[in-house]
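Q: Sequence:
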Amino acid sequence: MATTLPRLNVVLEPGVYRMIQRMSKKEGLSMSLIARDLLREALLIYEDAYWAKEAEARECTFTKSKALSHRQVWHS
Numbered sequence: 001m002a003t004t005l006p007r008l009n010v011v012l013e014p015g016v017y018r019m020i021q022r023m024s025k026k027e028g029l030s031m032s033l034i035a036r037d038l039l040r041e042a043l044l045i046y047e048d049a050y051w052a053k054e055a056e057a058r059e060c061t062f063t064k065s066k067a068l069s070h071r072q073v074w075h076s
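Residues 1 to 76, numbered by this note's numbering, are exactly what the sequence shown covers, in order.
Every clue listed holds true.
Cβ pair distances, simulated, as ranges:
| id | residue 1 | residue 2 | range |
| --- | --- | --- | --- |
| 1 | Pro14 | Tyr50 | 27 to 33 angstroms |
| 2 | Gln72 | Glu13 | 51 to 57 angstroms |
| 3 | Thr61 | Glu27 | 42 to 48 angstroms |
| 4 | Thr63 | Leu29 | 46 to 52 angstroms |
| 5 | Ala42 | Lys64 | 35 to 41 angstroms |
| 6 | Ala42 | Ser65 | 38 to 44 angstroms |
Rather than coming from a laboratory, the hints here were simulated on the basis of the structure. Beta carbons: idealized from backbone N, C-alpha and C, even for Gly.
The whole structure should be built from the sequences, with the hints applied where relevant.
A: Encoded structure:
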């Protein structure tokens, strides 16, 4: 089956490989699909951590006197 999706070769420790292999058998999915889903989940967690850090940095510079109201933002 031909695909236009990019591919990635990854070298795994034996324990990680076995865990993905077990998950694959349990879920009835290919190891590639399991690995893809795990990478997606990891990237979401990474992204959430990034934005939480950015929000924390912005929170330090927030001043209520300069903030826009809901009406100013959504009804202008």
